[in-house]
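Each chain, letter by letter, is given below.
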Amino acid sequence: MEANNVIELINIEKEYFGNKVLKGVNMAVKAGEIHALVGENGAGKSTLMNIIFGMPVIHNTGGYSGEINFEGETVEIKTPKDAMDLGIGMVHQEFMLLPGFTITENIKLNREVTKHNPISKILGPVLKSLDVPAMRKDAQDALEKLGMNVDDWLPIAGLPVGYMQFVEIAREIDKKNIKLLVFDEPTAVLAESEADKLLDAMKKLAEKGIAILFITHRLDEVLNVADNITVLRDGEQVGQIKKEDATVAKIAQMMVGRKIERIERKIKRSQENEEVLMTIRNLCVNMPGEVVKNVDLDIKKGEILGIGGLAGQGKLGIANGVMGLYSATGEVVMKGKKLKLNDPRESIENKLAFVSEDRRGVGLLLDNSIELNIAMTSMQIQNRFLKPFLGMKFFLMQDHKAIREWAEKMIKELDIRCTGPTQYTRRLSGGNQQKVCIARALTLEPELLFVSEPTRGIDIGAKKLVLDLLVKLNHELGMTIVMTSSELGELRSICDRIAIVYNGKIQGILSPKDSDVDFGLMMAGKYDLHSKEVM
Amino acid sequence: MKNLWEKCIDRYGYPKVYITIFLILLIIIAIIQKQSIPDLLIDSLIRIGMNSILVLAMVPGIISGTGLNFALSIGILCGILAGCIAIELRLVGLTAFFVAVLISIPLATVAGYLYGLLLNRVKGDEMTVGTYMGFSMVSLMSIGWLVLPFKNPDMVWAIGGRGLRVTITLVDKYDKVLDHLIKFELFERKLPIGTLIFFGICCALMWLFLRSKTGAAMIAAGDNQKFAEASGINVNKQRMIGVIISMVLGAIGIIVYAQSYGFFQLYQGPLMMPFLAISAILIGGATAKKASIGNVISGVVLFQALLTISLPVINKMMPEGNLSEVIRIIVSNGVILYALTKMGGNE
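So the sequences go chain by chain: L and V.
Okay, so the first sequence: first residue is 161 according to our numbering, each after it adds one.
Okay, so the second sequence: first residue is 913 according to our numbering, each after it adds one.
No wet-lab data here; the hints were simulated from the structure.
Beta carbons: idealized from backbone N, C-alpha and C, even for Gly.
One or more hints might be untrue.
[Stated by the list, open to error] To give an idea of the chain L side of the interface with chain V (calculated C-beta under 10 Å), a few residues:
#: 1; residue: Gly484
#: 2; residue: Leu499
#: 3; residue: Asp503
#: 4; residue: Gly523
#: 5; residue: Asp527
#: 6; residue: Ile541
#: 7; residue: Phe555
#: 8; residue: Met557
#: 9; residue: Leu625
[To be verified] Over 10 Å on every C-beta distance to chain V, these chain L residues come out as not near it, computed from the model:
#: 10; residue: Phe213
#: 11; residue: Lys238
#: 12; residue: Leu258
#: 13; residue: Lys288
#: 14; residue: Leu306
#: 15; residue: Glu381
[As the list claims (entries may be wrong)] Below are the BS3-like pairs computed for lysine-lysine, each with C-alpha atoms no more than 30 Å apart in a straight line:
#: 16; chain 1: V; residue 1: Lys1088; chain 2: L; residue 2: Lys569
#: 17; chain 1: L; residue 1: Lys572; chain 2: V; residue 2: Lys1125
#: 18; chain 1: V; residue 1: Lys1149; chain 2: L; residue 2: Lys553
#: 19; chain 1: L; residue 1: Lys547; chain 2: V; residue 2: Lys1149
#: 20; chain 1: V; residue 1: Lys1125; chain 2: L; residue 2: Lys553
#: 21; chain 1: L; residue 1: Lys500; chain 2: V; residue 2: Lys1202
#: 22; chain 1: V; residue 1: Lys1138; chain 2: L; residue 2: Lys498
#: 23; chain 1: V; residue 1: Lys1125; chain 2: V; residue 2: Lys1063
#: 24; chain 1: L; residue 1: Lys500; chain 2: V; residue 2: Lys1201
#: 25; chain 1: L; residue 1: Lys665; chain 2: V; residue 2: Lys1138
#: 26; chain 1: V; residue 1: Lys1149; chain 2: L; residue 2: Lys500
#: 27; chain 1: L; residue 1: Lys561; chain 2: V; residue 2: Lys1035
#: 28; chain 1: L; residue 1: Lys569; chain 2: V; residue 2: Lys1202
#: 29; chain 1: V; residue 1: Lys1125; chain 2: L; residue 2: Lys511
#: 30; chain 1: V; residue 1: Lys1125; chain 2: L; residue 2: Lys500
#: 31; chain 1: L; residue 1: Lys561; chain 2: V; residue 2: Lys1202
#: 32; chain 1: V; residue 1: Lys1138; chain 2: L; residue 2: Lys624
#: 33; chain 1: L; residue 1: Lys561; chain 2: V; residue 2: Lys1201
#: 34; chain 1: V; residue 1: Lys1138; chain 2: L; residue 2: Lys623
With the sequences and hints as input, model every part of the structure.
What follows is the structure, given as structure tokens:
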């Protein structure tokens, strides 16, 4: 054990409901070192941070195994307060600031400098008054350390996003005992110049002897500031490299790696001269957190097109925009017919169907039966499963017999595990809920099926079933499928082509057989810059 | 034993089980007090028929996703207005009743439409907004009752000849026309068979409606708005339909209530009526998001039987002065309070 290690993680493992998300991670951060932690979404970075910061979610789900040494002593961090007492600070991705308070008040919140007044001398320290000048001085000192020049008495509301990030950091470094500072994707919301300033501030802090753990997707930032780099993939520690040995390409390759065996198709189709089913031009979608900016994309008939990319880059927005769930502008042409955007009914009438990434929020009627879930959309839009009431055409009744028959057929074909077609979907497992969503989409008999995050939150066995099902649909019914997923391995296992979205735009379209390096670079938005040196 | 208890709770939910136990307890006390049990039961039955349609009016509101219709008093006002118009036209008997119903439907439809426009602008706060909307409309109509140009001397104040009275009696008009439509006597008391049949027909129509295409769309809109939008359902339209049907049923409900009760109560009369209907359906096991015809029937039976039987029992227990009245108010409001705490269901 080296004496100057601030924190050492030894063989950390963590399970969520039998699903191993961390498989033996070892790392150490020295005082004054900037240690970067990189990995795809779901690689286990956030879980690791939650363990270090003692977040309740860890202990509510059975704790972790392994050992954490802080300054040479084995510690057990059970609550965020334990972490703070040890001197661990965290800068969150989402700002935890009170907008109506001033910068100083936010920095000193719950750690205010107080002084006695006549009343508090009698009635106790609770009524001590604030020593505002002392607080402001502390706040100014902290801001200065970061190289930030701003009036500390301004309210948070109305400050630029970058400033808010700095206030968060100032709050952490104002804590006198701070020894380790964790940055959870601090640059995700910042503009480039702001990000540079932040990186400079990080370097300054490191010089003062604070150990820094830095989580990010942006590989050039990693190269810029980090002394050591740890790469996680699927909860495994893939490698640890020193700054001197690292290149963007190398990190990208380690991040992506080879994961899933490709489900080989029986029929090889020629990729060229195929009919284009849908052309998307200049599509902009205003979906919060997944903004799409001017996407052009051609979807060929009979293919499985994958849309990949990191979270928040806009890959989910494309399907949601085409289906009219979020406000979109641009041109979408399906088989020569221009689609009216922002109208889900129009999309469904034109033989599109969508399995939403938000299964419980958008995909299901949780308090209704499986059969009603499966039949609902088709009933409302295509007037299927209906019969006139006593011969009156304008009063359409649900045809329960037809609905039941169809639901039973779907349950059998998709192997939905349930007690029967009348079971409420709330009580189904994630995988079976997903199958109900797919069954509903299939009931529409679509020509083009959008599937978003089909395997999110379902166990590994069910994942394979869902992917096999998609391949089968494509294969046997010739259905064109656009699958959006955060899991690159999944996309590479079944797709014909994979479009990678970065910063709201299509960065490029790759074949699933392309190298890990290409995928890694594209997802990091560095393909154009580095593609030559890789080739 | 414990197993049976858990099974009961699981199947019927806490409110139903507790209220049933309380009701059985009251009946046992009534037997000990040597009260006339048949009388109590028949009284309950009359009260059940009287309130049934008002409780049914809660269903479309809940299903379309606007929650419990705390503004049902708006529909009730429409019904009272229609009832008064029927009296003004000097109609009597069943004709008067059905004319009142027919007049009330367009009135309630217009009121429901306007109220629906409001609700579609305050999504998520329907129940709070509804409560105060109901209160303000009752107050507004208090002015209305004074200035509306009704002339029938049976209804207007005897002195001055302007403005409707607080209580309008239906004797010699359409008092009990539905209750006594079908003659059936038990223990020398007439049973309200006609009203119960009318309630049955309304339930059947509601049941059919919920199984229509529009009903399905409404269920989808109420269960998951985003799902409904993604399925091309016009959520606002479905909510509007739900509110209108609820208001129409509220209007018909008060006319049924009045013919059985024998009076229309104007001015502050409708103020708290939505709460009685809401409590009944909640005790029946409905939540702010989910309701069925079964909830309506079991709820109105349990709640009204409880109120009817508790009164004489408490009267006998403490005969001195108006203490029994105080206890009665505590019991009925206590049940309402208990029902409202169960708004979110068992979870």
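Now the hints, each set against the structure:
1. Hint on L/Gly484 holds. Least Cβ distance to chain V is approximately 8 Å, under the 10 Å limit.
2. The interface hint given for L/Leu499 is broken, as the beta carbon of that residue sits about 13 Å from the closest beta carbon of chain V, more than 10 Å.
3. Because the closest C-beta pair between L/Asp503 and chain V is about 8 Å apart, less than 10 Å, the hint holds.
4. A hinted interface residue such as L/Gly523 counts as satisfied when its beta carbon comes closer than 10 Å to some beta carbon of chain V; here the least separation is about 7 Å, so the hint holds.
5. At about 5 Å, the closest approach between the beta carbon of L/Asp527 and any beta carbon in chain V falls short of 10 Å, and the interface hint on this residue holds.
6. With 10 Å as the threshold, the beta carbon of L/Ile541 comes within range of chain V, its nearest partner Cβ sitting at about 5 Å, so the hint holds.
7. The interface hint given for L/Phe555 holds, since its Cβ lies 6 Å from the closest Cβ of chain V, which is under the 10 Å cut-off.
8. Checking L/Met557 against chain V: minimum C-beta separation of about 5 Å stays under 10 Å; hint holds.
9. Here the hint on L/Leu625 is broken, as its CB sits about 23 Å from the closest CB of chain V, past 10 Å.
10. At roughly 31 Å, the least C-beta separation between L/Phe213 and chain V is larger than 10 Å, which holds for a residue marked as non-interface.
11. Against chain V, the non-interface label of L/Lys238 holds: every CB pair exceeds 10 Å, the least being about 29 Å.
12. Look at L/Leu258: its CB is around 24 Å from the nearest CB on chain V, clear of 10 Å, so calling it non-interface holds up.
13. A cut-off of 10 Å between C-beta atoms confirms that L/Lys288 is not in contact with chain V; the least separation is 40 Å.
14. For L/Leu306, the shortest C-beta to C-beta distance to chain V comes to about 40 Å, beyond the 10 Å cut-off, and the non-interface label holds.
15. Its beta-carbon lying about 36 Å from the closest one in chain V, L/Glu381 satisfies the requirement of being farther than 10 Å from that chain.
16. Distance check on the hinted pair: V/Lys1088 and L/Lys569 sit about 53 Å apart at the alpha-carbon level, beyond 30 Å; violated.
17. This hinted pair checks out: L/Lys572 and V/Lys1125 have alpha carbons roughly 26 Å apart, not beyond 30 Å.
18. Taking the CA atoms of V/Lys1149 and L/Lys553, the gap is near 21 Å; set against the 30 Å cutoff, the hint holds.
19. Of the supplied pair hints, the one linking L/Lys547 and V/Lys1149 holds, its CA atoms being roughly 22 Å apart against a limit of 30 Å.
20. Annotation: proposed proximity of V/Lys1125 to L/Lys553 holds, straight-line Cα distance about 12 Å (limit 30 Å).
21. Straight-line distance between C-alpha atoms of L/Lys500 and V/Lys1202 comes to about 35 Å, which puts the hinted pair past the 30 Å bound.
22. Taking the CA atoms of V/Lys1138 and L/Lys498, the gap is about 25 Å. The hint holds against a cut of 30 Å.
23. Using a Cα cut-off of 30 Å, the hinted pair V/Lys1125 and V/Lys1063 is violated, with the two alpha carbons roughly 45 Å apart.
24. Of the supplied pair hints, the one linking L/Lys500 and V/Lys1201 is violated, its CA atoms being roughly 33 Å apart against a limit of 30 Å.
25. The suggested pairing of L/Lys665 with V/Lys1138 holds, with an alpha-carbon distance near 26 Å, which does not exceed 30 Å.
26. A hinted pair counts as satisfied when its Cα atoms are at most 30 Å apart, and V/Lys1149 with L/Lys500 qualifies at roughly 21 Å.
27. Among the hinted pairs, L/Lys561 with V/Lys1035 is inconsistent with the structure: their alpha-carbon atoms are about 35 Å apart, more than 30 Å.
28. At most 30 Å may separate the alpha-carbon atoms for a hinted pair to count; L/Lys569 and V/Lys1202 meet this at roughly 28 Å.
29. A C-alpha spacing of about 21 Å is found between V/Lys1125 and L/Lys511, which places the hinted pair at or below 30 Å, so the restraint holds.
30. About 25 Å separates the Cα atoms of V/Lys1125 and L/Lys500, which keeps this hinted pair within 30 Å; it holds.
31. Restraint check for L/Lys561 and V/Lys1202: satisfied, since their Cα atoms lie roughly 24 Å apart, inside the 30 Å limit.
32. Among the hinted pairs, V/Lys1138 with L/Lys624 is consistent with the structure: their alpha-carbon atoms are about 28 Å apart, no more than 30 Å.
33. About 27 Å separates the Cα atoms of L/Lys561 and V/Lys1201, which keeps this hinted pair within 30 Å; it holds.
34. Using a Cα cut-off of 30 Å, the hinted pair V/Lys1138 and L/Lys623 holds, with the two alpha carbons roughly 25 Å apart.
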